[in-house]
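2 protein chains.
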Amino acid sequence: MLLEADRMRNLVLTEDMIATERDVVLEERRSRVENNPGAILGEEIDATLFQNHPYRVPVIGWMHELAQLNREDAVAFYERYYAPNNAALIVAGDVEPAEVLDMARRTYGAIPANPELPPRIRPQEPEQNTRRTVTLRDQRVTVPSLRMNWVVPSYTTAEPGTAEALDLLSEILGGGTRSRLYQELVVRRGIAQQAGAYYRGTALDDGSFVVSGSPRGEASLEEIEQAIAAEIRRIVDEGVSEQELERARNRFIRNMIFARDSQATMAQIYGSTLATGGSVEEIDAWPNRIRAVSAEAVREAARRLRPEIVTIGYLLPPASDE
Amino acid sequence: MLLEADRMRNLVLTEDMIATERDVVLEERRSRVENNPGAILGEEIDATLFQNHPYRVPVIGWMHELAQLNREDAVAFYERYYAPNNAALIVAGDVEPAEVLDMARRTYGAIPANPELPPRIRPQEPEQNTRRTVTLRDQRVTVPSLRMNWVVPSYTTAEPGTAEALDLLSEILGGGTRSRLYQELVVRRGIAQQAGAYYRGTALDDGSFVVSGSPRGEASLEEIEQAIAAEIRRIVDEGVSEQELERARNRFIRNMIFARDSQATMAQIYGSTLATGGSVEEIDAWPNRIRAVSAEAVREAARRLRPEIVTIGYLLPPASDE
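These protein sequence lines are chains A and B, in that order.
According to my numbering, the first sequence is numbered sequentially starting from 59.
According to my numbering, the second sequence is numbered sequentially starting from 59.
No lab work stands behind these hints, which were simulated from the structure alone.
Treat the hints with caution; some may be incorrect.
Examples of chain B residues lying across from chain A (beta carbon under 10 Å, computed) [as the list claims (entries may be wrong)]:
no., residue
1, Asn94
2, Gly96
3, Ile98
4, Asn110
5, Trp120
6, Asn144
7, Ala145
8, Glu154
9, Thr188
10, Asp196
Derived list of chain B stretches under chain A, where covered just means 3 residues or more per stretch with a C-beta under 8 Å from a C-beta of chain A [unchecked claim]:
no., stretch
11, 121-130
12, 179-186
Note that this is a predicted model, so its numbers are computed, not measured.
Where a beta carbon is used, it is the ideal one built from N, C-alpha and C, also for glycine.
Just chain A, same shape as in the assembly (with noise of 0.2 Å):
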């Protein structure tokens, strides 16, 4: 603690390790985007599917702006975000917490507050009203896939209720294979080599909610769309039984406690809520909120995945004969 409060404000940062530094971070992007066509492909479709809010822009930064990053930019960052004030202090593992909070008193409290912390100006998105598609050829791709994204709420903007509904509409829609995607497209119809549902909820604005498929065989990417669209429209129609919802939660409930057996996850779990405006309580509260969802909560989610409006990915290998 008092190596990581001594960097918190007296770092001296030399050209050397800012050029150094800003050669491993290209380098990590080359590996981690460059050299990874879904990885492309994922950073085009945020861009295309947040038409105002900064979530459009890679955490890492696009190439271009990367290379172009010099001590003065690190410089006024690190002076201007690197205060006490502005720091959420995670610590995980067999520790004593009233050591921990006096040390981190003795430390971290000792650095003066930053009173220049500027506030947080948060462009929010226009009205949603179109039907987009970003489509990336790629002879590295052997095997075509897609993703259809929403913009939906976080844990931060909605209304209470509805980010659970989402987890466990995720959770029943496309997690793991017990979900009615993975059991229709793969197990049953067998058109599909992978299907599944994701959601991003923790986030300080919206959200996104995203369904994936991968087509086997001769089965069409456009097979597997309509079919992942079946599969929602299903839920919008019918709901969900309260069998399938208490089986959903128990598995998303007992995911959770099982992610609580690693520290890292713990402190990674802690980290991020306290960094998207959550509290420790709703961290506490998490289970028992997911355990009073209800069908209709769940439905009502489903109804949030409207067919017209949503951001489609492809990620195809070059065109045959064009």
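Given the coordinates of chain A, assemble chain B onto it according to the supplied hints.
Here is chain B on its own, set in the frame of chain A:
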């Protein structure tokens, strides 16, 4: 000039005035955008075409942000940007230049420069890797249409000759009834009721090239799209003839000369050029630079309209039965 110079620095903005003006702007947005499906689509196309550059944001602003603007925002903007060192004065009409200059010096010239003028931070576009579509279905649409859009250099960012070639390409491809698209799609094949092209080249950063079309009778949007792509490919493959280029140059320069018959258009041309980093000399030299464009440069410009890296907007009536 006394009046205008006075309000460049000494404007009194009351809450009442701001509220009234904001309502005027909201109403303007309602009538020009919200009431016009083509305009709604246009905004979402730009937000999809530009992934990083602020050109993605509508000039008038998104509705939800307009609605929140207040006196404080207006005053901050006014104090930051309304200064003689951030203005171009355009006077068109029956005036004596020496007199105008003298008046300007006595009025605007007496206002101190704003030393706090912030630097222009201009995020650039990342590499374009994908083909994107934006589809708006709206019950006010009776005739479907499409717009294909590419990010291309502007007069400010292009190498010498490139923007001029893009201007002539737009003229040859889709400038009026003599253009290739009109002749092929509307006149010869009769599949389109409209087809055209234009180049948005007046910009500080990259501009865009737009090709549009609308089917006629039984023809489908897909046919129009393929026919447009074929006409672009024909220029890429075979180039344009000297005779066709000469006719396009003449039409283009003639339009330029006709435009100068209007004092307002003249002011507009000089104002927008100066505001986007150009000079009076560049405007005067423009006809000669258009005359210097070669057939090969037009062909090179057409290569920028890549079929796999494009953003296409579709304006459609509501789905009949989905």
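- Close enough to count: is the Cβ of B:Glu154 nearer than 10 Å to one in chain A? violated (48 Å)
- Query: Holds or violated: B:Asp196 as interface residue toward chain A, Cβ cutoff 10 Å?
  - Reply: holds (8 Å)
- Query: Should the hint that B:Ile98 touches chain A count as held when the rule is a Cβ pair under 10 Å?
  - Reply: With a minimum Cβ separation of about 6 Å from chain A (threshold 10 Å), the hint on B:Ile98 holds.
- Please verify that hint: B:Gly96, Cβ, nearest Cβ of chain A, below 10 Å or not. Status violated, d = 12 Å.
- Measuring from the C-beta of B:Trp120 to each C-beta in chain A, is the shortest one below 10 Å? holds (4 Å)
- Task: With a cut-off of 10 Å on the beta carbons, see whether B:Asn144 makes it to chain A.
- Result: Result: violated, 22 Å to nearest chain A Cβ.
- Under 10 Å, Cβ to Cβ, is where B:Ala145 needs to be relative to chain A, so tell me if that hint holds or is violated. violated (27 Å)
- Query: Close enough to count: is the Cβ of B:Asn110 nearer than 10 Å to one in chain A?
  - Reply: Given a least distance of 6 Å, the restraint on B:Asn110 holds.
- Query: Count the residues of the stretch 179-186 of chain B with a beta-carbon closer than 8 Å to any beta-carbon of chain A: does the count reach three?
  - Reply: holds (count 4)
- Query: Okay, the stretch 121-130 of chain B and chain A, do three or more residues pass the C-beta test at under 8 Å?
  - Reply: holds (count 3)
- Item | Residue hint B:Asn94, partner chain A, criterion CB-CB below 10 Å | violated (12 Å)
- Is the interface hint for B:Thr188 satisfied, with its Cβ closer than 10 Å to some Cβ of chain A? With Cβ-Cβ at 5 Å, under 10 Å, it holds.
Hint violations for this structure: numbers 1, 2, 6, 7 and 8, all remaining hints satisfied.
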